[in-house]
Amino acid sequence: MSAVKKIAESTSVILLGKIAGKFLGLITTILLARYLSVELFGQYSLALEFIGLLLFLNDFGVSLVLPRELTQKEKQSEELIGNSLGLKLFLGIFSVIASIFIANLAGYQTDTLLILYIFSLTLFTGSVSSVFSSIFQAKLKMVYVVLVEFVQRLIFLALVFYAISINAPLALIIVFSVFSTVVSVILNYYFARGVTKISIKLDFQKWVQIIKIGAPLGLSLLFLAIYNRIDVLMLSLMVNLDAVGRYSAAYRLTWALAIIPDALAFTLFPIMSGFYKKSEEALKKTHALAFRYLTIIFVPIAFGTTILSERILFHIYGADYLNEGIVLTLIALMWGALLIFLNLISSNMLNSIHRQNYVVGAILAGVLVNVTANLLLIPRYSFFGAAIATLFTEIVTFILFYVLVKKFLYTISLKEFIKPAMASLTMVLVLISVQWLSLFILIPLGALVYFAAFFLLKGFTEEDKAILKKVQQKN
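Residues in the sequence shown are numbered consecutively from 3, following our numbering.
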């Protein structure tokens, strides 16, 4: 099977599943935002970001390098899986204990601490599940990952509906969230047994070796978590939970769009690892195509959000969340998301060619920029300041990854932005002229105008048409 077909088919499977899963997650977020007060939604969001910030404690980079190691060392797969599972069980327990200790040091109020204590249990379930996800990635059995994630989100959504019907407190909703992750562990184990032999090995020397391999990426995971999540924690400590709730409402919308880059990165990482020793040209082509298609898709989304942000927020969250600050916040975060998605593809490629130390360096620079910007902007501009800090950080990180990709492989063509931007400006002019129409008409109309303009600008190449034809033939 050709590289193009392999990527297209795997990405198609993941994309369909993740669209469904992300949709369920978005519905859950909207339901909770409307059910809870802005402050309680801020408390819920704080729990997600606080535990997300500590994910490195239950991983140390193991889940990031395990797919690559299983792809390149197939004969040692049983030993790698067994020792990784044993190590991750230990790290899961350690991370729960550590998170409780850190939460107390932060000085949050008692009700917030209770939420953090309960949700910390997901560090253990997530630690175990990540081993199975790594197996599925290496074996290109992504359908299992997608299926488990979908079932988990579906169960949690059903439990949220139930919680709302009985007017349940936030603490019970968090318990339901933990329960859904327990179900995912059980399902992951069941499916993994059909793919390979599963056992737990306690070879501490192997544990040390695995951690040494994953440590640089573990650090990158920590740094990545800091500059992706530190804004929420800083808002909770420097402003209040109301600001966290409003910021998170905008932030969650941008990450609902992460379906496509997540699917691409998830599929491309093991494939890029295989190309590393076989074909440098194929590796370059893979990255270039991913970069190109992300710009084609997300440049118009960023432009469209700039025009329609206020109406989008009102229709999704209602008037309680709406003010000038959150509108500007969504605009800044959406442009930042465009760069985040492009950076994700570049960092995955650098990881696949064993340049993880450089990835760590770039992310560390981003951390320093982000924390500094947040310290300067949050006291004056609250959650909008956090959004500007995120956008500025992603600009700096994009430049760094551009330089690194140029150093080790090839020069990324920034011309890929030109035609999407031109087509997007055409779309914006049309949307401005018909703003009196319903939002549910404006969005598909904008997409239609954009792709028509992009086609007239000859944005689609013969290679694009050939790839589309191959995918259609397979389907």
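Since the hints were made in silico from the structure, they are not lab data. Beta carbons: idealized from backbone N, C-alpha and C, even for Gly. Don't take each hint at face value.
No farther apart than 27 Å at their CA atoms in a straight line, the calculated lysine-lysine pairs in the DSS-like style are these [said to hold, decoys possible]:
| # | residue 1 | residue 2 |
| --- | --- | --- |
| 1 | Lys-203 | Lys-214 |
| 2 | Lys-467 | Lys-286 |
| 3 | Lys-75 | Lys-417 |
| 4 | Lys-214 | Lys-287 |
| 5 | Lys-421 | Lys-214 |
| 6 | Lys-286 | Lys-75 |
| 7 | Lys-287 | Lys-208 |
| 8 | Lys-214 | Lys-141 |
| 9 | Lys-460 | Lys-409 |
| 10 | Lys-203 | Lys-286 |
| 11 | Lys-199 | Lys-141 |
| 12 | Lys-208 | Lys-286 |
| 13 | Lys-75 | Lys-208 |
| 14 | Lys-24 | Lys-199 |
| 15 | Lys-199 | Lys-286 |
| 16 | Lys-203 | Lys-287 |
| 17 | Lys-421 | Lys-286 |
| 18 | Lys-75 | Lys-24 |
| 19 | Lys-75 | Lys-141 |
Listed next, with one range per pair, are the computed distances between beta-carbon atoms [to be verified]:
| # | residue 1 | residue 2 | range |
| --- | --- | --- | --- |
| 20 | Glu-80 | Ile-168 | 31 to 39 Å |
| 21 | Gln-211 | Ile-434 | 29 to 37 Å |
| 22 | Leu-18 | Ala-173 | 32 to 40 Å |
| 23 | Pro-446 | Lys-467 | 44 to 52 Å |
| 24 | Ser-435 | Ala-258 | 23 to 31 Å |
| 25 | Val-210 | Ala-454 | 55 to 63 Å |
| 26 | Leu-431 | Leu-370 | 37 to 45 Å |
* To do: Could you say whether the range 23 to 31 Å given as a hint is met by the Cβ separation of Ser-435 and Ala-258?
  => Distance hint for Ser-435, Ala-258 holds at roughly 28 Å.
* To do: Starting from the hint 44 to 52 Å, judge whether the C-beta atoms of Pro-446 and Lys-467 obey it.
  => violated (23 Å)
* Range hint 37 to 45 Å: satisfied by the CB atoms of Leu-431 and Leu-370? -> The hint (37 to 45 Å, Cβ to Cβ) holds, given that Leu-431 and Leu-370 are roughly 40 Å apart.
* Given the proposed pairing of Lys-199 with Lys-141, does the C-alpha separation stay at or below 27 Å? -> Given pair Lys-199, Lys-141 holds - Cα atoms ~13 Å apart, limit 27 Å.
* **Outcome for the supplied range 32 to 40 Å, where the beta carbon pair is Leu-18 and Ala-173** => This hint holds: roughly 35 Å between Cβ atoms.
* **Restraint check for Lys-75 with Lys-208, where alpha carbons must lie at most 27 Å apart** => holds (15 Å)
* **Distance restraint between Lys-203 and Lys-287, which requires alpha-carbon spacing of 27 Å or less** => violated (39 Å)
* **Restraint check for Lys-203 with Lys-286, where alpha carbons must lie at most 27 Å apart** => Violated, at roughly 38 Å.
* Asked: Are the Cα atoms of Lys-421 and Lys-214 separated by 27 Å or less?
  -> violated (44 Å)
* **Supplied distance hint 29 to 37 Å, evaluated on CB atoms of Gln-211 and Ile-434** => Given a distance of about 59 Å, which is not inside 29 to 37 Å, the answer is violated.
* Is the distance from the Cβ of Glu-80 to the Cβ of Ile-168 consistent with 31 to 39 Å? -> Taking Cβ atoms as reference, Glu-80 and Ile-168 lie about 47 Å apart, which means the hint is violated.
* Asked: Are the Cα positions of Lys-203 and Lys-214 separated by 27 Å at most?
  -> At roughly 18 Å apart (the allowed maximum being 27 Å), Lys-214 and Lys-203 satisfy the hint.
Consistency with the previously given hints fails for numbers 3, 4, 5, 7, 9, 10, 12, 14, 15, 16, 18, 20, 21 and 23, ordered from lowest to highest.
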